[in-house]
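Read top to bottom, the protein sequences are chains H and Z. Quick note: the first sequence uses our numbering, first residue 1, plus one each step. Quick note: the second sequence uses our numbering, first residue 209, plus one each step.
FRET-style restraints, in silico, Cβ to Cβ:
hint, chain 1, residue 1, chain 2, residue 2, range
1, Z, P450, H, A60, 24 to 30 Å
2, H, R9, Z, E561, 30 to 36 Å
3, H, T54, Z, S422, 17 to 23 Å
4, H, P23, Z, E561, 34 to 40 Å
5, H, A11, Z, R403, 57 to 63 Å
6, H, R48, Z, P277, 40 to 46 Å
Think about it this way: if two alpha-carbon atoms lie no more than 20 Å apart in a straight line, the pair counts; the simulated DMTMM-like pairs of lysine to aspartate or glutamate are:
hint, chain 1, residue 1, chain 2, residue 2
7, Z, K269, H, E160
8, Z, K517, H, D20
9, H, K30, Z, D538
10, Z, K512, H, D29
11, H, K79, Z, E268
12, Z, K512, Z, E273
13, H, K77, Z, D538
14, H, K30, Z, E305
15, Z, K564, H, D139
16, H, K99, Z, D538
17, H, K156, Z, D538
18, H, K99, H, D8
19, Z, K517, H, D29
20, Z, K515, H, D29
21, Z, K513, H, D29
22, Z, K517, H, D101
23, H, K33, Z, D538
24, H, K159, Z, E268
25, H, K22, Z, D538
26, Z, K243, H, D139
27, H, K79, Z, D538
28, Z, K517, H, E78
29, H, K77, Z, E268
30, Z, K269, H, D157
Just so you know, these hints were derived from the structure itself, not from any lab. Note that the structure is predicted; figures quoted are calculated from it, not measured. Ideal Cβ positions, reconstructed from N, Cα and C, are used throughout, including at glycine.
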Amino acid sequence: MDARAIFDRVAAQFGDAVYDYKPGVVGNDKTNKGFINRDNEFKCKAERLVEVMTFLRDDAELRMDFLMCLTGVDYIKEKLLQSVYHLFSYPLRHQICVKVDLPRDKPEVPSVVGVWITADWNEREQYDLLGIIYTGHPDLRRLLMPDDWVGHPMRKDYKEAEMYRDMPTSRYSPLEMLSVYDKAHVQVSTDPNVPGGRKAVAPEETND
Amino acid sequence: MSELIINYADSGEEMTLNMGPQHPSTHGVIRFIVKTDGEIMSSAEPDVGYLHRAIEHIAEKCTYEGFMPYTDRVDYVCAMTANHAWAAAVEKLAGLEVPPRGEWLRIISDELDRISSHCIALGAMAMDIGAITPFPYALREREYINDLLEMLCGNRLTYNYHRVGGVGWDMPEGWRDKVLRFLDHFEPTIDEFNRLITNNDIFVARLANMAPISGSDAIAYGLGGPNLRASGIDYDLRRDAPYSLYSQCKFNVPIGAGAMGAVGDSWDRFWCRVEEWRESVKITRQALDEIEKTPKGEFWIHPKKLKPKGDAMARVEAARGEMSCYVVGDGSANAFRARFRTGSFNAMQVIREKSKGLMVADLVALIASLDVVAPEIDR
Numbered sequence: 001m002d003a004r005a006i007f008d009r010v011a012a013q014f015g016d017a018v019y020d021y022k023p024g025v026v027g028n029d030k031t032n033k034g035f036i037n038r039d040n041e042f043k044c045k046a047e048r049l050v051e052v053m054t055f056l057r058d059d060a061e062l063r064m065d066f067l068m069c070l071t072g073v074d075y076i077k078e079k080l081l082q083s084v085y086h087l088f089s090y091p092l093r094h095q096i097c098v099k100v101d102l103p104r105d106k107p108e109v110p111s112v113v114g115v116w117i118t119a120d121w122n123e124r125e126q127y128d129l130l131g132i133i134y135t136g137h138p139d140l141r142r143l144l145m146p147d148d149w150v151g152h153p154m155r156k157d158y159k160e161a162e163m164y165r166d167m168p169t170s171r172y173s174p175l176e177m178l179s180v181y182d183k184a185h186v187q188v189s190t191d192p193n194v195p196g197g198r199k200a201v202a203p204e205e206t207n208d
Numbered sequence: 209m210s211e212l213i214i215n216y217a218d219s220g221e222e223m224t225l226n227m228g229p230q231h232p233s234t235h236g237v238i239r240f241i242v243k244t245d246g247e248i249m250s251s252a253e254p255d256v257g258y259l260h261r262a263i264e265h266i267a268e269k270c271t272y273e274g275f276m277p278y279t280d281r282v283d284y285v286c287a288m289t290a291n292h293a294w295a296a297a298v299e300k301l302a303g304l305e306v307p308p309r310g311e312w313l314r315i316i317s318d319e320l321d322r323i324s325s326h327c328i329a330l331g332a333m334a335m336d337i338g339a340i341t342p343f344p345y346a347l348r349e350r351e352y353i354n355d356l357l358e359m360l361c362g363n364r365l366t367y368n369y370h371r372v373g374g375v376g377w378d379m380p381e382g383w384r385d386k387v388l389r390f391l392d393h394f395e396p397t398i399d400e401f402n403r404l405i406t407n408n409d410i411f412v413a414r415l416a417n418m419a420p421i422s423g424s425d426a427i428a429y430g431l432g433g434p435n436l437r438a439s440g441i442d443y444d445l446r447r448d449a450p451y452s453l454y455s456q457c458k459f460n461v462p463i464g465a466g467a468m469g470a471v472g473d474s475w476d477r478f479w480c481r482v483e484e485w486r487e488s489v490k491i492t493r494q495a496l497d498e499i500e501k502t503p504k505g506e507f508w509i510h511p512k513k514l515k516p517k518g519d520a521m522a523r524v525e526a527a528r529g530e531m532s533c534y535v536v537g538d539g540s541a542n543a544f545r546a547r548f549r550t551g552s553f554n555a556m557q558v559i560r561e562k563s564k565g566l567m568v569a570d571l572v573a574l575i576a577s578l579d580v581v582a583p584e585i586d587r
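Only chain Z is shown next, with the shape it has when bound in the complex (with noise of 0.2 Å):
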């Protein structure tokens, strides 16, 4: 892609812009290279890879257990669901049982850095279409998650907390109240951030119709999670493929309705997400319960000579849609291939075929709505 950065058409008006990969909107670093005739765009095709670590690749050289801390720059905003991915494709691959209480830890931990992700996603989509405000009220309630998560692991943002075979700690004396505390002081903070932004008029008028995704497109395309849930496509591997121990949790589905506008808009993509935080609290409290039930000690079961052969994969439903991990084993004690399906990737091509007429300002709700982040896309 070696096209100068602004070139103007021989005929007429449109010309091509260079945006990023040092764009602050673009989540990270990715590239559009668009082209556009004054504020309408003809098109935005994203050049990706300025992020491309070889993942994969580290994953064929440690051993299993070793590139757990690795997974967790496959998507920094949410690693502990990346870690869990890779935990649950092992455990299948070799055939592992994880204990109870290691499956009522992961879950919780899943769940507060879902909502911790979320806080992300939301408040920086709103500071990129001009509201301020919401971003620090959001990453207000993520430093709480950062500090319930740093007291479990000892890391605020990639945990390495995930083990194959279980969880790597117990939760610390006091931990469940503390967590308690803040999912009482959570919940009503909700309704404060949905007067603050989400039902705002001129929020609601700049989001409502931009770029909605129909549900077969969405299908097409690979979408996940909220994304996918936006466009009325009622599926949630936590509810309907249940993995860990998601099956003994009650919860709802949001599913997009269109309410302001069309269905699979942003302002859907984002309200899903806001009532996905709900969710989220409600299968952390669930989880809270169950998991006095469960013996303490009993987290991990670590496996001995983890050698298996054969492939397996496994999916798992990260704050950006689903992610799946496909490991082949060789009978070493290392990954023959490891591959990570990621949300992101995949929602990176919509962005092409939905810029397609939209001004150069709605591309960056766009990106913000379907809320990319750029490792997760290059890995």
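Chain H extracted, bound-state conformation (with noise of 0.2 Å):
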């Protein structure tokens, strides 16, 4: 089945729960400055994600059983949190993208652990990194960072904390070291004759 004919069956099954259907665009196109999505692809309202969700796997037409991907994308300037699903259907060999737009200052969306078992550890992922809530999830708990990490890395105005546990998760670096230790001695030199493009001088001479 072609990607508009999944969307369209859905659609009459949803109304408008589902919008925004996009063909994906083939080749390279310049003229074209805005966001090219290149796979085909539509939208779903969070609050009935997992209806639609369960609907795409179960109908005899669909049947995507098998949830390739599931990634969360911090699109910062739009203030929006994205949950993007990747179907694919094994019987029939259709694909299609399913994406769900999230406000940033409360990025929840309904589980679908119910609906496809590997999504657990996809969505912990994506919690982790990303701070994406999902609801309904058995064991919403950290996956790669350590259990008392403060933030989600992945999000674009992450900052990180200057200490954990004690520790400084940020070094000097050995350039700045250097300014440090031998400013007077060591400068930049643009001389192609210089090894390194470094220059020994003799240290100014103080008064003390």
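These two chains come separately, so use the hints to put the complex back together.
Pasting the structure below:
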């Protein structure tokens, strides 16, 4: 089944819960300056996501039994977090991408663990890295980061805490350390004859 | 997960054991929290993240082409397909074409690396359950492939060979003959390997009927590659959703049939990989024939001003299952978001489910039969 027909079939069942179908663009079009999606996709409203996904999996003409990929994207300019689901059907060999837009200040989306069990860890990872809350997930804990980590590191406005368990999370750059110790002795040269681009100079004399 | 290392339950004999992270048979740094009564486990909960290097975050910090060496580290045992996944995703995103010679070189390098990856998987699996000899036999063949790939791209493990728009280098003078000579040598060693271990009675008795995964389970858990096909699902991305020039190659797809026990048991997964060796050899031979018809030197169209805006997802058949790469570009030279969907990540979830009721020693065999590699889980 082609992607348009998939969307039409879902739309006939769920009305305006699904919207904004876009066919995937192929080839290099220099005139198109906008956001070009390369896969067939449609959007779904968060509150009816589980119903739509269950329909996509169980309907005899859709049979999307495989959740290929689950991704979260932080569109900070649009103030959106997006949860992206790539679905594939092994029996019928068609695929579609479903996107769910979430407000950045309250990124809650129903969990699809009940539909595809593989969503379990994928959702935990996206929660861990992007802070998308998958409501109804049986075990929504951090997966990759330590349990007591603060913040969600893949968010675009994430700032790492300076200390983690009394360990500094950053170190001096070796180049900065050079400037601390050897500023008076070494200076960067643009002379190509100087190996390494640096040359030694005598330290300035001080009066003390 | 702050449980004690050994902890007896108040009632009964069940205790909680810690396996890993530095356990040689976990194939990397993975920790399992095993609840066991004697030898029988009631659960084995994987705890991952020890190798998390934020590769997806690094992708946002470097240019599309500059990220290529990092993709080697997504799966260092089969780095070529990770290269390919990233290159294919970015090419799809930017609408780029790859010249045929580049595609054939990609296929040859992919398949050689797949053989080398299965060498590690099969040798290590046999070693994990106590058969030491097959490991050096498999590793011996892998060394030849490492030499061949070193001639091709200068590296033995993390190749950094594929490029956005093609591959980094053409094959050197005389390389094609060396690969053909290796394939002639390698094909008989598959039969030797089968005599040595695959059909060995003790080995079969150990693995047959162990932790069978049904076809519907395999799909629901998102398994891919040999693990999926061992469960009887007839699906191979190279044949059914052909990328690159795989549509021009003729090869069989080995499907697990439960020859020694149940469909999808650990022996089937082992056997599927052995048979994939043969298919990879076939594909490599065809690609080496085809590449002779393409003009020398046209292996890479260097993309100028690579600043795509949009999103794309590319799927590649990697050695540990389907590897898909989802890239979002925002019109700058860096990716806005990159995500690698890897086979091992999804295979780990099966272990928790299938370990119930297994012996502790069988957990090691189950991990090895799914061929998980820790950096691919954590990225």
